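**Q** The hints should help you fit chain Z onto chain Y, whose structure is shown.
Number of protein chains: 2
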Amino acid sequence: MTAKQNQFQLIDEEQLSLQLIEAQYALKESRGKSNAKSQLILVSGIELAGKGEAVKQLREWLDPRYLRVKADPPRMFNHQETFWQSYARSIPAEGQIMVMFGNWYSDLLSTAMHVSQPMDETMFDEYVENMRSFEQDLKNNNVEVVKFWFDLSWRSLQKRLDTLDPSEVHWHKLHGLDWRNKKQYDSLQKLRQRFSNDWIIIDGEDETERDQLFAQQILRAIQHCPVHLSKAKGRWQQAAVPEALLQPAAEAQQDDAEYKKELKRLTKKVSEAMRMDRRNVVIAFEGMDAAGKGGAIKRIVKQLDPREYEIYTIGAPEKYELSRPYQWRFWNKIQPDEKIMIFDRTWYGRVLVERIEGFANEIEWQRAYDEINRFERDLSDSNTVVIKFWLAISKDEQELRFKAREETPHKRFKITAEDWRNRERWDDYLKAAADMLSRTHTAYAPWHVVATNDKKTARLDVLRAILKQLKAE
Amino acid sequence: MTAKQNQFQLIDEEQLSLQLIEAQYALKESRGKSNAKSQLILVSGIELAGKGEAVKQLREWLDPRYLRVKADPPRMFNHQETFWQSYARSIPAEGQIMVMFGNWYSDLLSTAMHVSQPMDETMFDEYVENMRSFEQDLKNNNVEVVKFWFDLSWRSLQKRLDTLDPSEVHWHKLHGLDWRNKKQYDSLQKLRQRFSNDWIIIDGEDETERDQLFAQQILRAIQHCPVHLSKAKGRWQQAAVPEALLQPAAEAQQDDAEYKKELKRLTKKVSEAMRMDRRNVVIAFEGMDAAGKGGAIKRIVKQLDPREYEIYTIGAPEKYELSRPYQWRFWNKIQPDEKIMIFDRTWYGRVLVERIEGFANEIEWQRAYDEINRFERDLSDSNTVVIKFWLAISKDEQELRFKAREETPHKRFKITAEDWRNRERWDDYLKAAADMLSRTHTAYAPWHVVATNDKKTARLDVLRAILKQLKAE
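One line per chain: the protein sequences are Y and Z, in this order. Under full-length UniProt numbering, the first residue of the first sequence is numbered 1, with each subsequent residue one higher. Under full-length UniProt numbering, the first residue of the second sequence is numbered 1, with each subsequent residue one higher.
The following block holds chain Y by itself, in its conformation from the complex (with noise of 0.2 angstroms):
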């Protein structure tokens, strides 16, 4: 990058203001169609270093009624949260260009640099690596990324800070940092040369170069979104349908009254763990129709208070998801001050129906399981236990009943001509289901496989799966 910026040169403003507008508004009309991309920006750096300045010479040269610009002030990370639960609201839809002054990295800044807390070299870097990642994935979802990191040497600063207006200083306190001391200073350039390889540096000692920059390498990234086809390797591997799939057990019909002792326990049981546990717990159900995640669901939270946990049905997404990437309405769903939360089908169906009904590419489908699994380590090292139920029943079974729902009054509601037409590609959902398992089943989210053509053996074995992966953790 360094080679590049030496060699730019100043332009004429109203031609980069023009030619900024005209990439600005291509990539306003791109939305809906397929080359629909939408633009994130990342600004941090040393403070007084211009970044807002230049953010702000950037929203006059640009229609500044499409900018948007969010600047939240840093935070600790807190065990809880992913590093991006809070700015997933904030990822901008197709078409947009949206600022971010507060993101992941000056958050991992700001905790790093705590000093009561210090931050292992070895900790930070798995973060940034993360956090690469996440990028990654934001790309070959038509969310382009591009960094600035705004520098400033110690002189220069702290000649800034001699002549500060004092009307002004209210940004300064936001950073928490002392930035008279010098040994903050050096600990802070030390930790973001771990991470700013892949960022575009801004010297901030030139107030024209600086916003002339920042601008030309944004006109640069607008203008020349990649196309980031990151095709999986090879051919693609069918995974077998395994045994109980194709074959769900179905156990013999259980004493009623042995039954009803037993779901009595377990549900107690189940609620009590949820409770103590001092993670939140996610619940995944997928499976075919009437495969029983209602009625699987019923039972987890039969002892729980209607106010300890929440139910997302997932189905179409809205229009308004769409021009997003397709986990985002996950990533929104997931609440930190949630304890339990239950999922009446996931972000699976990229890997299931959409793969299924070619709502997704081939590209987009096969890349989705490692986006997925990535999705859930996250969840999982913000103290999230991840549970996955794949339900599998008979096709006869489900025939019996889709029958039994048409017969009874209080049931009707539950089957429609689409259920029908999904048990027609009966066998291509079990493929799927089957690369899913194969590709998904991770130690930090398994999937638990629940024959259920017994729908009281079933529940209780859903019941017991979620105690084991409670105690076994």
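Incorrect hints may have been included.
It does not matter which identical chain is meant; a pair holds if it fits inside one copy or across any two.
Unchecked claim - Once the Cα atoms are required to be at most 30 angstroms apart in a straight line, the calculated DSS-like pairs of lysine-lysine come out as:
id, residue 1, residue 2
1, K319, K70
2, K431, K333
3, K471, K261
4, K33, K190
5, K411, K33
6, K147, K333
7, K302, K333
8, K56, K456
9, K455, K139
In short, the hints are calculated from the structure, not lab data. Note that the coordinates shown come from a computational prediction; the quantities given were computed from them, not determined experimentally.
**A** Relative to the frame of chain Y, chain Z by itself:
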């Protein structure tokens, strides 16, 4: 209500469940249709009266996947936030049912019960009145509201506290009230009687009756959603179009050096005034296309850091916004932690473009003036200054600017076929603006009509008006 309750009869559970599910699905199917509704259920009451249990039972009778539950712990009012602000996001969309345990009434009770700052009765009653107006606006905009107070006698409460399972005590810490204190109990009961006459009172004594009464009342509410046509009384009185709109003054061109000097002085003063003001500032712009909204906004933020303000450019609502009250998207944009919020077009769209294009029917737009006034009064009551501008341009000047835009490279994006179409309805817009100005010019949120045929004078006038309103109060 009491009479009805005494007459209520237990009905067969399966029957009740079936009716509830049918009503729920009918509501769900209404989405997007002309009879679309949503159901908001507020739940408050005495501790241990069984609110949680009743909702739990309801969730078992209904299809739990389409019943959302929100349970915020009660919060004290803070004076930078309207009472509805933190709940706005959870207002249910068409077809949805939402139970709110934490709600504006529980916040009001918490605030009033806080010993160190007792609230006088007049203020309490004023809050209640504002809350009812807000609920009436919700109802008029297809969000049904039904309120339940779960009651329990002092004696029964004490008995239940005696036999409490210690492992379940956690819910009772939430309310910060000492339920062993008879005086507190009595004050709470006295307070809630000041608002509960339009609530359904559920006696928590008998569990079965409690759950059935609650569920039956909700069934009734969903089945018999009344149509709220609070039509304006009498014939619509079209306001006369004021001279300032018909013939906006075109003052002589300013001396350029003078203008620049004064502009610099004013932009500096405006940014300081907004920063120093202890209140948040909302600045709202309306006016014909090309009247100079963008240019005025540019000057307002001239001396601000981009992190200090937010610009909202308002276009057509998205689909998910259309399934809520029309003001909803603005409720959600008002952020108590955002100091300066600038709206390029506003909630007045309801009585301008929506009125003229027929997106809102006569009853809806005629009702909107009062709704808007209430919204702005709530903002004003919670320490937010609302500064509103109508930028008045003449039809000839607009034509000149449209043509200039088409010929200027970096402005041609600003002009579309729609702008020319809107121009054909010039007189309709003038009439609508006249009605708007005469009906929503209030002491707490006055309009500033600024003539913009001369751009420079207009920009200075906008800045002066901001200064005037900020100091006048």
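**Q** Can you tell me if K56 and K456 fall within 30 angstroms by alpha carbon in one copy, between copies, both or neither?
**A** between (63 angstroms within a copy, 22 angstroms between copies)
**Q** For K33 and K190, with the copy left unspecified, which applies at a CA distance of at most 30 angstroms: within, between, both, or neither?
**A** Neither way: K33 and K190 sit 43 angstroms apart in one copy and 60 angstroms across, limit 30 angstroms.
**Q** If the cut is 30 angstroms between Cα atoms, do K431 and K333 qualify within a copy, between copies, both or neither?
**A** within (28 angstroms within a copy, 45 angstroms between copies)
**Q** Using 30 angstroms as the alpha-carbon threshold, which applies to K471 and K261: within, between, both, or neither?
**A** within (22 angstroms within a copy, 72 angstroms between copies)
**Q** Using 30 angstroms as the alpha-carbon threshold, which applies to K411 and K33: within, between, both, or neither?
**A** Close across copies (24 angstroms), not inside one copy (40 angstroms); limit 30 angstroms.
**Q** Between copies, within a copy, both or neither: which fits K455 and K139 at Cα up to 30 angstroms?
**A** Answer is neither; intra-copy 43 angstroms and inter-copy 42 angstroms both fail.
**Q** Given identical chains, is K147 near K333, meaning Cα to Cα at most 30 angstroms, within a copy, between copies, both, or neither?
**A** both (27 angstroms within a copy, 27 angstroms between copies)
**Q** Measure nothing new, just compare the shortest in-copy and cross-copy C-alpha distances for K319 and K70 to 30 angstroms and report within, between, both or neither.
**A** both (23 angstroms within a copy, 25 angstroms between copies)
**Q** Could you place K302 and K333 in one of the four classes (within, between, both, neither) given a Cα distance threshold of 30 angstroms?
**A** Answer is within; shortest intra-copy Cα gap is 22 angstroms, inter-copy 37 angstroms.
The earlier numbered hints that this structure contradicts are 4, 9.
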